[in-house]
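Assemble chains B, C, D, E, F, G and H with the ligands onto chain A, guided by the hints.
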Amino acid sequence: MDQRIIVAGFGGQGVMLLGQVLSYTATALDLHTVWIPSYGPETRGGTANCSVIISDTPIHSPLVEYPNILLALNEPSLRKFENKVTPGGVIITNSSLIKDHVFRDDVTVIEIPANDMALGLENLKTVNMIMLGAFMTQSTFLSEEAIHKTLEKTFSGAKAALLPLNQQALAMGYEHARSHA
Amino acid sequence: MDQRIIVAGFGGQGVMLLGQVLSYTATALDLHTVWIPSYGPETRGGTANCSVIISDTPIHSPLVEYPNILLALNEPSLRKFENKVTPGGVIITNSSLIKDHVFRDDVTVIEIPANDMALGLENLKTVNMIMLGAFMTQSTFLSEEAIHKTLEKTFSGAKAALLPLNQQALAMGYEHARSHA
Amino acid sequence: MAKGRIIINEERCKGCALCIPVCPVHILQLDKSKTNLKGYTPLMVTEDKCIACTFCAMMCPDSVITVEKFVST
Amino acid sequence: MAKGRIIINEERCKGCALCIPVCPVHILQLDKSKTNLKGYTPLMVTEDKCIACTFCAMMCPDSVITVEKFVST
Amino acid sequence: MSTKVVYEPTKGLTDSPLSYCPGCTHGIIHKLVGEVLEEQNLIGESIGVASVGCSVMSYEFFNCDMQQAPHGRAPAVATGIKRVKPNHTVFTYQGDGDLASIGMAEVIHAAHRSENITIIFVNNAIYGMTGGQMAPTTLIGQKTTTSPRGRSLDQGMPLRIVEMLATIPGATYLERVSVHDPKHIIKAKKAIHKAFEVQTNKQGFSLIEFISTCPIGWGMTPNDSLEWAKNTMIPYYPLGVYKDTREEREPWIKE
Amino acid sequence: MSTKVVYEPTKGLTDSPLSYCPGCTHGIIHKLVGEVLEEQNLIGESIGVASVGCSVMSYEFFNCDMQQAPHGRAPAVATGIKRVKPNHTVFTYQGDGDLASIGMAEVIHAAHRSENITIIFVNNAIYGMTGGQMAPTTLIGQKTTTSPRGRSLDQGMPLRIVEMLATIPGATYLERVSVHDPKHIIKAKKAIHKAFEVQTNKQGFSLIEFISTCPIGWGMTPNDSLEWAKNTMIPYYPLGVYKDTREEREPWIKE
Amino acid sequence: MAKVLMKGNEAMALAAIKGGCDAFFGYPITPQNELPEYLSYHMQEHGKIFVQAESEVAAINMVYGAAGAGARVLTSSSSPGIALKQEGISYMAGSELPAVIINVMRGGPGLGSIQPSQADYNQVTRGGGNGDYHLLAYAPESIQEAVDIIKDAFRVADKYRNPVMVAIDGLIGQMMEPVDLDKPIDLDLQSKPWAADGHGAKRGKNNKILSLFLDTKDLETHNLKLKVKYDQMVSEEQRYELVQTDDAELVIVAYGSMARIARSAIAMARQKGYRVGMLRPITLWPYPVQGFEALASNVTHLLTAEMSLGQMHQDVLIANEGQRQTHWFGRTGGVVPSADELFDVIENIILKGGVA
Amino acid sequence: MAKVLMKGNEAMALAAIKGGCDAFFGYPITPQNELPEYLSYHMQEHGKIFVQAESEVAAINMVYGAAGAGARVLTSSSSPGIALKQEGISYMAGSELPAVIINVMRGGPGLGSIQPSQADYNQVTRGGGNGDYHLLAYAPESIQEAVDIIKDAFRVADKYRNPVMVAIDGLIGQMMEPVDLDKPIDLDLQSKPWAADGHGAKRGKNNKILSLFLDTKDLETHNLKLKVKYDQMVSEEQRYELVQTDDAELVIVAYGSMARIARSAIAMARQKGYRVGMLRPITLWPYPVQGFEALASNVTHLLTAEMSLGQMHQDVLIANEGQRQTHWFGRTGGVVPSADELFDVIENIILKGGVA
Ligand SMILES: Cc1ncc(C[n+]2csc(CCOP(=O)(O)OP(=O)(O)O)c2C)c(N)n1
Ligand SMILES: Cc1ncc(C[n+]2csc(CCOP(=O)(O)OP(=O)(O)O)c2C)c(N)n1
Ligand code: SF4
Ligand code: SF4
Ligand code: SF4
Ligand code: SF4
Ligand code: SF4
Ligand code: SF4
Ligand SMILES: [Mg+2]
Ligand SMILES: [Mg+2]
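Chains as they are written, first to last, in the working numbering: chain A, 1 to 181; chain B, 182 to 362; chain C, 363 to 435; chain D, 436 to 508; chain E, 509 to 763; chain F, 764 to 1018; chain G, 1019 to 1374; chain H, 1375 to 1730.
Keep in mind the hints are simulated off the structure, nothing from the lab. There may be inaccurate statements among the hints.
[Claimed, not checked] Straight-line C-alpha distance at most 25 Å; calculated SDA-like pairs for lysine to any residue:
| no. | chain 1 | residue 1 | chain 2 | residue 2 |
| --- | --- | --- | --- | --- |
| 1 | A | K125 | E | G727 |
| 2 | D | K469 | B | N304 |
| 3 | B | K280 | B | M197 |
[As the list claims (entries may be wrong)] Simulated restraints on C-beta separations:
| no. | chain 1 | residue 1 | chain 2 | residue 2 | range |
| --- | --- | --- | --- | --- | --- |
| 4 | H | A1670 | E | G727 | 55 to 65 Å |
| 5 | E | N549 | A | K159 | 21 to 31 Å |
| 6 | G | T1239 | H | A1670 | 39 to 49 Å |
| 7 | E | N549 | F | P911 | 19 to 29 Å |
| 8 | G | T1239 | E | V514 | 19 to 29 Å |
| 9 | A | E65 | C | I413 | 51 to 61 Å |
| 10 | G | K1235 | H | N1722 | 55 to 65 Å |
| 11 | G | A1312 | H | N1722 | 54 to 64 Å |
| 12 | F | N804 | B | K340 | 53 to 63 Å |
| 13 | C | N398 | H | G1421 | 48 to 58 Å |
Built from N, CA and C at the ideal position, the CB exists for glycine as well.
Here chain A stands alone, though its shape is the one from the complex:
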């Protein structure tokens, strides 16, 4: 089955990059994939989101109306997309910013205090990688190794110095999600 993913949060939380890492990895694995940003001025200061499809068959409609995985990095995003997740799907939430939310009972929920963990790493910009780590526990198509390769490419050249930190964040997110599943 396709993985139909929505990643949503505030502008500045690295939502777009997170989604792109998924699509880059899928491309490297010769899978079919499409990444779509929500774009436009409404993203300014408000919420930002992107959708990703990964599939082993050609993708027709590129839109994700009903995701089977939602990564919600803040509360408004969760509110916006929660009810669209297909039954049996997965919701991964940044529990640092999303408290006491009543979730649906027909989906798997993974809560991960990404902001708190990122503060622990002294870099709020790692929130997306922590969430990505959590996603990895749910990935059907993308291997750990392949995602790591994408990260190495993403953080290369001038950004190479950021690689270890992001790798660490990824590992932390993965570990947390696995152990709290």
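Then chains B, C, D, E, F, G and H with the ligands, alone, in the frame of chain A:
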């Protein structure tokens, strides 16, 4: 039958006004009429012409492809339109500028030395009125009186001083055409 | 002693910090402990020393700040 | 005596008369006795006094005039 | 002891939260225009023209009738409005991409005809709205998304708008101001006051250029942006009154 | 005694008779450009851009490759050409309606980018081609078909183009000349020579404004028109060099 | 009142004044110059506004501004000038602003020529601005009809809050015909409570003129609201004339000057006993499909005649729905065909097709 | 070569470079900004020209100039920006100049929105410039197809000496997909002896690029010459894809993103046993009428599906010639419909119409 008239000459010979006088007069007489200029940059320094239809029934196509009266104020104009005149039609030429031209034998030709006559009046601008006078001998719909009225309106206000001269030119053209018919 | 005070419309604040350096008595700071509905950490006053100079309010692009002067009645 | 002469390309002349007033020896005039194919009365020279100053040619917008200087060989 | 409000949000702006990025000085300029509208009793009597740029939504913010103009054409739109509503204050609010690039002909000809309108010109040396492309006002060396290696001479020396407009006979009042600190903000507001007075007196075309920031497009914090505006932009775009022919000019009456 | 030709029609123009009205100074300006093309060996090496106006047909007259531009856009068209043909001389020939009205943005931005092109700007204070309408350069009081009572202040004070362009940093060489008598014709030709040299040296944007006549549109004889140009136009549009930054400027290389 | 002889362009200008035009903004272009020239003199007499804009782009934006402020506004231009106005026209449709736009069509593409043409049919009926919008577009065949349409056009534009275009070929603009300008009309000058006219205080709320809807739902709602108006135009505003179609086997579809030529050709055909008629679209948008429906079953052939290369023929094909046999005749580039030429085409169809 | 993941706009930019693009002239507008941004960096590396023009009007005129001088030229824009280019495009068609124009369509009319739309169908297929001219217009459905078309578009433009437009909705511009940019192509870089490139001396004659023909006969001759090219395009350049039409009773007609949604909807319909297929226009002009002719007689229903309010439906009606029953479905204003929604429409037609 409709009168379908083409007036043609150099720019500056008053060709447009001549045609308009015909249409103004027709309008005053509650006849149907249409005046069409040839317009555009090619009129600059080159030849200028306009066409007039006068009719007692509504006019459909406003174009005059085959005039039954041609007023040719110079040689290029005559060359351009001569063969379009319908058999039995009339060609009035400014013989001051058109010499030794072989005319068709199925049309009536009226030659009038308009430039020479105008020089006699010491005003080259009266050429068109002299030609108009000649036309009057061929008019089916427009009475002499009605044309005079139009002239009075045309040369009124600031231009009132020009009226007698133009009237004189008209009369001379009429006389010449009548006596040489 | 404070000569006045500012009132902060927290939900409008975008945490841009433009108001902070212009305060002559250095009593402004972002409140990192919270985020408003838009996700910004809003402005807060750290000490009761406002002189009601209005500089902070003038600088604020988002009309977050109202300034009041204390007047003896 | 003339120091030169001008050659007039009559068919190109538009009878505008721009060349006339600039001639220092006043030998230019329109030839009212004829019209060219375009209907203009072209330029003519009235006297054999040209000094080949080229002013008339310079002024002519239509490149009607060529100026020649007489040179002793 | 009681309290007296010495600064509060102006009624010249509506209650809608501004759509600008945090720390963007578009907001400061909006407030100043709003305050002048309020102080000159023009709320509900004037007509503003929003342009295309980050300030496109300014029709939601100014507390008066508003019309949104095609990119660059605000001065023409304002001309149309003013000609049929000669007794209402008409102003445009335009960015530097809008006014100095695509809208160059329209602003020059509004000045040329000395249209009795006021232009609020916000120069932030970049196209904010569309993602930080080069503007005609982008400084040499400045990196933008379409001058990724820094603007080179090859892409032109930045245009100075008020200097250029000052050569147009029809332009009545032209001033360049900045809003990087309270002192300059006070001056900037005075300039807007003057411009609107010119219009009320039917003295023709007025334009105030604002040195403004774009923290997002410039990739700086809001406060660093103010510093850059002050230290880098103002030296190339000196502040001051560039034209003031109010005294010489008979009131222009266009009705 | 033999003869020596001291003036003959330039090979910089083709043999086609010019389409201008009798006595129109468009013809003189054409000749001068043609002579400079000839003298600088640019015949068959350069590319001219005809604009929309009475000179629209100039593609028939200049003896080189020509492209006819939409109304007002000749500087943009020339930009496109020059960028892909950087080693060929590229010039535009534009009227005042074309350049100063609809084409304002394009000429300013060509100057702004300092495009390495030359603009021949023919200011006859009217729209000749379309029947004598008012231009931005029409003088106050001048009657045209759209200022039938004489241009009033209400329709704007006439624009002075070279003065305005002189404020643009990218403009390298700007001069206003006239062709109302042989002395001025000689000067005018020198100006064109300089402008083309600027281009050959890759020094950027050059523009020569010509005070020109429109006997038809002005309703005067050709010679009276010259007088009017001299006595009425030139006082408002003073002749001279308005910008010359050749010395300061490193050659601009746009390839 | 007696008829006066007037040039088409001038008569249209005067008609606009009679139709309540408050302001004109335009830029010179042949063959429509006499229209602004006339107004440059006469608007002042009526206390109205005439502005020669710096360009067509500026002109349409002045129109947009003045219309937004509630005035009755006119602009006129010709083919390439209309091309430059497309963005502004799309804005006006999107912002629901009324105005009248006169297009005196000339030959194209590009600079083309200044001779009469109908090659802007697509430009007139399909715009070239972006988005889902339409103009109400008229195509009169005579100066009288042009005058009558323009006098009423401001009312129609106001009614729909939509720009109205009047498209004539250069021939109608340049020629003179006797015309009656005094036929009474209903100006229907209703107040415009939506206008951004600076009366926010009186009104108690700000008015906003705009076409921006960042939320797709809002924009779609807006588009569907516009569509309701367009649908209403389609059902209520189609105008056409049927000429001798009652017994016709061949019906010519032609508008503007071409329709007049067709009238002459029909007269010639009738004299030969051919049963030929004409369906003359007066509105080009909405296209008078109702006219096609009104044709009796004796009509077996349709002949599109246009001064363009098949542009209107597409609408004939849509209206025809494959029912009748269709033929096409056209000239372009500023050529106005003669009645003889059209007659030959008619005769050819009839003789070949076994009609009549 | 392996596929790379690229944003549509960037992939198209790179494709242009691979297609031999010598120069780009454009002006920023969402949602196509990544295209010029990419080129502003990369053209320089290839010794090619990138100029950010002062406006869309200037940009298209720079394109006109550079194309006239013989270069392979590109511009890109989005809906209102394309409106501003109409005059220039008409000039290019009239002067027979090749160039590639990318239109990343957004919602309209007016400023509209920046969300994906197909509401520029009329703008793309009927221009808005004046005169009898056409653009060859492609509408790819994926980044890969867009890339392949653009790589070849310069050759096609050169072949016909006519501008080519590539119209995609904003979705394709903004999204990322894996794409193979290295498929070999035939650049077919032929010399351009007609170009006004400053080589008059070498050539021994001056070249002139123009669209002005004052004499109507000349202009008509020119128009008819252009028409020969257009007719050739109509016969040789129609492109379309038939998807599962062999046994279909209902055929969806859809292009671009809408076609991809249709693919999903068809899959849903097929699962329910409904015999549904698709005719996907790849060229919007010439419209692939040949595709309609190729449909077997089992196809009894056509369903136009578009992200606009009936604009393409008109071409479907023309192509259909009243043969099959036609239906229409559309969303507009930047709304991209879901496959579910389209499926419901399909099912509705099938259940009501007794199809299948
Ligand atoms: C005709 C047209 N061209 C381009 C655009 C895209 N566009 C929107 S805003 C903008 C630039 C705005 O820059 P500026 O005026 O400097 O305003 P800022 O955002 O910097 O305040 C552009 C090019 C458009 N909407 N319409
Ligand atoms: C887009 C467009 N608008 C208007 C015109 C009509 N037009 C042709 S020439 C011209 C004015 C020319 O005046 P100017 O540039 O001063 O040249 P002149 O004829 O005086 O030499 C105009 C408005 C056009 N061809 N195209
Ligand atoms: S009003 Fe002045 S003193 Fe008070 S907080 Fe603001 S800046 Fe500081
Ligand atoms: S300037 Fe305004 S928005 Fe910015 S931090 Fe201060 S109060 Fe908040
Ligand atoms: S060259 Fe000089 S002297 Fe000779 S005719 Fe001409 S102006 Fe007169
Ligand atoms: S200037 Fe030239 S065109 Fe004019 S009269 Fe003299 S020779 Fe003839
Ligand atoms: S993009 Fe720049 S100009 Fe626009 S709102 Fe943000 S900071 Fe301000
Ligand atoms: S109309 Fe005027 S500018 Fe044009 S050719 Fe005639 S005189 Fe010269
Ligand atoms: Mg800006
Ligand atoms: Mg002029």
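Results of checking the hints against the structure:
no. : hint                            : verdict
1   : K125/A <-> G727/E               : holds, 16 Å
2   : K469/D <-> N304/B               : holds, 17 Å
3   : K280/B <-> M197/B               : holds, 24 Å
4   : A1670/H <-> G727/E: 55 to 65 Å  : holds, 59 Å
5   : N549/E <-> K159/A: 21 to 31 Å   : violated, 56 Å
6   : T1239/G <-> A1670/H: 39 to 49 Å : holds, 40 Å
7   : N549/E <-> P911/F: 19 to 29 Å   : violated, 40 Å
8   : T1239/G <-> V514/E: 19 to 29 Å  : violated, 44 Å
9   : E65/A <-> I413/C: 51 to 61 Å    : holds, 56 Å
10  : K1235/G <-> N1722/H: 55 to 65 Å : violated, 22 Å
11  : A1312/G <-> N1722/H: 54 to 64 Å : violated, 32 Å
12  : N804/F <-> K340/B: 53 to 63 Å   : holds, 55 Å
13  : N398/C <-> G1421/H: 48 to 58 Å  : holds, 51 Å
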